[in-house]
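Number of protein chains: 4
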Amino acid sequence: MSRPGLILKLSCPDQPGIVAKVANYVAGHCGNLVEFAQFSDQLGKKFFARLEIETSELDVAVEDFIDGFGTLGRSLRANWHFRRLPYRMRTVVLVTKTDHCLNEIIWRTELGELPVEITSIIGNRDNCKSLAEHAGIPFHQVDMDGENRANGFAEIRRMLEEQNAELIVLARFMQILPDDFCNAFAGRIINIHHSFLPAFIGANPYKQAYERGVKLIGATCHYVTADLDAGPIIDQEVHRVQHFHTPSDLVRLGRDCERTALARGIRYHVHDRSIIDGHRAIVFPD
Amino acid sequence: MSRPGLILKLSCPDQPGIVAKVANYVAGHCGNLVEFAQFSDQLGKKFFARLEIETSELDVAVEDFIDGFGTLGRSLRANWHFRRLPYRMRTVVLVTKTDHCLNEIIWRTELGELPVEITSIIGNRDNCKSLAEHAGIPFHQVDMDGENRANGFAEIRRMLEEQNAELIVLARFMQILPDDFCNAFAGRIINIHHSFLPAFIGANPYKQAYERGVKLIGATCHYVTADLDAGPIIDQEVHRVQHFHTPSDLVRLGRDCERTALARGIRYHVHDRSIIDGHRAIVFPD
Amino acid sequence: MSRPGLILKLSCPDQPGIVAKVANYVAGHCGNLVEFAQFSDQLGKKFFARLEIETSELDVAVEDFIDGFGTLGRSLRANWHFRRLPYRMRTVVLVTKTDHCLNEIIWRTELGELPVEITSIIGNRDNCKSLAEHAGIPFHQVDMDGENRANGFAEIRRMLEEQNAELIVLARFMQILPDDFCNAFAGRIINIHHSFLPAFIGANPYKQAYERGVKLIGATCHYVTADLDAGPIIDQEVHRVQHFHTPSDLVRLGRDCERTALARGIRYHVHDRSIIDGHRAIVFPD
Amino acid sequence: MSRPGLILKLSCPDQPGIVAKVANYVAGHCGNLVEFAQFSDQLGKKFFARLEIETSELDVAVEDFIDGFGTLGRSLRANWHFRRLPYRMRTVVLVTKTDHCLNEIIWRTELGELPVEITSIIGNRDNCKSLAEHAGIPFHQVDMDGENRANGFAEIRRMLEEQNAELIVLARFMQILPDDFCNAFAGRIINIHHSFLPAFIGANPYKQAYERGVKLIGATCHYVTADLDAGPIIDQEVHRVQHFHTPSDLVRLGRDCERTALARGIRYHVHDRSIIDGHRAIVFPD
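These protein sequence lines map, in sequence, to chains G, X, H and F. Here the first sequence stands for residues 1 to 286, where the numbers follow the working numbering. Here the second sequence stands for residues 1 to 286, where the numbers follow the working numbering. Here the third sequence stands for residues 1 to 286, where the numbers follow the working numbering. Here the fourth sequence stands for residues 1 to 286, where the numbers follow the working numbering.
Calculated from the structure, these hints are not laboratory results. Backbone N, C-alpha and C define an ideal beta-carbon position, used for all residues, glycine too. A portion of the hints provided could be inaccurate.
Unchecked claim - Chain H is faced by these chain F residues, among others (derived, beta-carbon under 8 Å):
| # | residue |
| --- | --- |
| 1 | ALA199 |
| 2 | ARG212 |
| 3 | LYS215 |
| 4 | LEU216 |
| 5 | GLN236 |
| 6 | GLN242 |
| 7 | HIS243 |
| 8 | ILE282 |
Stated by the list, open to error - Cut-off 27 Å, straight-line C-alpha distance, at most; resulting in silico cross-link-like pairs (DSSO-like, lysine-lysine):
| # | chain 1 | residue 1 | chain 2 | residue 2 |
| --- | --- | --- | --- | --- |
| 9 | G | LYS46 | H | LYS9 |
| 10 | F | LYS21 | X | LYS21 |
| 11 | X | LYS207 | G | LYS45 |
| 12 | G | LYS129 | F | LYS129 |
| 13 | X | LYS9 | F | LYS45 |
| 14 | X | LYS45 | F | LYS9 |
| 15 | H | LYS21 | G | LYS46 |
| 16 | X | LYS46 | F | LYS9 |
| 17 | H | LYS46 | F | LYS207 |
| 18 | G | LYS9 | H | LYS9 |
With these hints in hand, go ahead and build the complete structure from the sequences.
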């Protein structure tokens, strides 16, 4: 993902000739299509695509290429978005006590797997402070207990805006976001829920899973909406369990599901492989 | 499973010395323990075990060995059950239209994977008749539409009793069982639900799954209780899906989950590898 | 797959503008692109695509549309293939004793999952005869023992040619094909090997797996080439195993891997979702 | 695993009455069997067991209990081993450049998932030094290049002996161990091989996997013997891949398999859940 180029994400009403028109625009200006993933939703009558375009041979400036696409985009009644490569997405991670998801994000970022720049880590507890500091990332503790909750969210929001956060990751952040917060950052907040949604919505899903006697536990990475645990699902992971696994065993095994599903969900989002479509997410995996 | 022997299933309050006492009884009469699976539930303070005993060297008659165990069993305040090997469990399969689960059961039975004798197949439609006949198994059609429902269940119950059915398999039988029916055959009815329970209880789970945009679909094999889709889970299976899978694709992919989970669930039950413990099932897989 | 239309499979050297050119050709004649899967192989400098085109609005006859593509195809130095929908691929299944793979193919065909017409089943044993007959498919037994082997293969070849077989499925056919046979039907023979290739090439893979003490067994569906068990892999499946599984348990569990991998492999092939590229197969799964 | 108690691992020729005798010994001295996993190998005529015994009510000193078992153990011609709980296994991790496996081990150790004490980390490169230091674990760099190889291994051996290392983990240590080194620490060296063994033995397995066009990649955690990549397998993990995954994608996805398989392998070993039996490992998973 480090070569110069563009990612184009596009969705529009389905109609004949979309692929030809879009590909023509790219080829007509000497762009090189490296990847073209598309989905014609025959039920919803919509079209979704993700294009990866090498731009080294473009016959115009990249800015001009992006601007010029507008005419075609509007004629298709499309939503679209260009992103210049290479890029690193400005990301803030929200945490409470447990650090396994945060650790996974930092590790993959340091390895170069995730093109993100973690501008800060915000916690309503200080348990993750040392991990943040070792990684050289600013850590902010925000008091959200009791009546400080509203102020806490206001403070977080201020920080997100100051840092121009493009992505907010809830890495086992144990606070329910206010509706206005969800709406203000719609499509930019990713959560990891520690169950195989829609099973076990809400608190203590591993305890619920133990009591129900399920034979598989899971984790779900999803976009956050005002409707609790009901946002579009990006990825899910499961792990087989048996009768002898106690609730704390489920917590232990579930951590691995959570890390995996969250890491993949973030990956898809920051690589623009995920397009929200109402209650669902179109995901072109890599 | 074809050598002469016994399977002993046992559950009792947890207490010191159970394994020694039970193993002593077996060894004291020259039984040979081929398999001894046990589970000490530290949370529920219960003990569960499944023993496989070769009886060719027993110093008493098998009947005597079984009877004599009663003193120990009672002293442990246990529930226990002996089954003589080889055996074939008398099984009735209930179906409606779709035949993939039935086909799977017949195929595995013919291969010798499942020690069952299918005494009859009962359908409230006739779609599975030809499959039954080719396998040489009696097929009975029972009209359960509209006001014939109660009579239908009474007729099924009569047949189950006549045939001394030990196991009733609901192989995509699309009728909700009356409470008294569930209670009459408690612990002997196995259902396959076409979702990853407890997600998507009730009708049309694949449509629900499509609309929720899940990334994994599943199937759940469970014991039937009067509480719909809430009986003890024996096994579950999942399959990864993507945005382009339509509800009918989910039906197609789900069939494979259903076949697999049901076949394993039946296998565990007929091999006495499953012990019901309230809302949960203890399963010693093989 | 039952609506009128075309599938176009295409591979060519990678070069700028392919997607635009191909999509233009389709759109220029009022074809509607329902699916466009492509892969630009940056390492091999090749381009692969599979298009699904609705043709109800074409401005020329379908035959004309297909012919006219030739000019573009040649200019791209492409290999390409059109298939008219709906279609059913003429398929011959070769078997020996075990019938689980055959049963799976017949079952999925009858359900409408696989658009194939099984023109005959050929066995060098008669174990599968009854299954074939119940499905209403001609069964031919061919003696291939000892010195009859060469004659046997000649007879099979004669039948394949007479029946215009487009696909030959080796459904646990326990004979090694002669090189000239492989070459005569290159790209049209699919085998299921009962191991996770390239581990355990050759005979008795489950016994080999047991002795090696692996913790996962598998099955591999691949195109057959003259090089034993080395043809392009279409799909693979695995199943977790433990120390207590005997070689015959591995055979039992492996059957499920074999059925699954073979069914998927055939599905991808008959839906033109698989393109052979040297030792590898490009597969666009559905 | 933090309550006072004992783990007993035992293997012996199969014979009648083993379970009774062992359980009697435990119960006879007021030990409480919390877990009793056993395997009667009908093919190899051997018996394997792992017992977890609470000792708070023992009627003798723990040391006495352990000593006294000798008479029974010898009469069974058994190999056996007692471990007192709680314990932390003295572990040395050997690394070269990549740190993902090391990171996983440290993370799980800090979480309390793995009862190990990492006495030092030894690398033939210094890439992992900072990670070790942040975790507060001594890091030793040993030059093993060219003619320093033999001296390097001698130095490592000296350190292992000084530190009384009970377990040596090769966490992507890219050096082939000399035979005498393997033999000196037989049964105490665990390696992670970055392929699904026995496929792709030796160097560059991901490149081999890419060229073979496999549809699943894997990793194998095994005990190290003098025979390269042929030691008893403790655990394996796989991940589905597609044609578009480059060799470097396989390296990326493989890292997750490696971390998972190694972590589970170590877990089974340090919890005495793994018993070596010739070329195979008996593993009682939790």
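Right, here's what the structure says about each hint:
1. ALA199: Result: holds, 4 Å to nearest chain H Cβ.
2. ARG212: holds, 6 Å
3. LYS215: holds, 4 Å
4. LEU216: holds, 5 Å
5. GLN236: Holds, because the Cβ-Cβ distance from GLN236/F to chain H comes to roughly 4 Å (cut-off 8 Å).
6. GLN242: holds, 7 Å
7. HIS243: holds, 4 Å
8. ILE282: ILE282/F check passes; min Cβ-Cβ to chain H is 4 Å, inside 8 Å.
9. LYS46/G to LYS9/H: holds, 24 Å
10. LYS21/F to LYS21/X: The given pair, whose Cα atoms are some 10 Å apart, holds under the 27 Å limit.
11. LYS207/X to LYS45/G: Answer holds: LYS207/X to LYS45/G is near 18 Å, not above 27 Å.
12. LYS129/G to LYS129/F: holds, 22 Å
13. LYS9/X to LYS45/F: holds, 25 Å
14. LYS45/X to LYS9/F: Cα-Cα ~25 Å, so holds.
15. LYS21/H to LYS46/G: holds, 23 Å
16. LYS46/X to LYS9/F: Within the cut-off at roughly 24 Å; holds.
17. LYS46/H to LYS207/F: holds, 19 Å
18. LYS9/G to LYS9/H: Distance ~25 Å between LYS9/G and LYS9/H Cα, so the pair holds.
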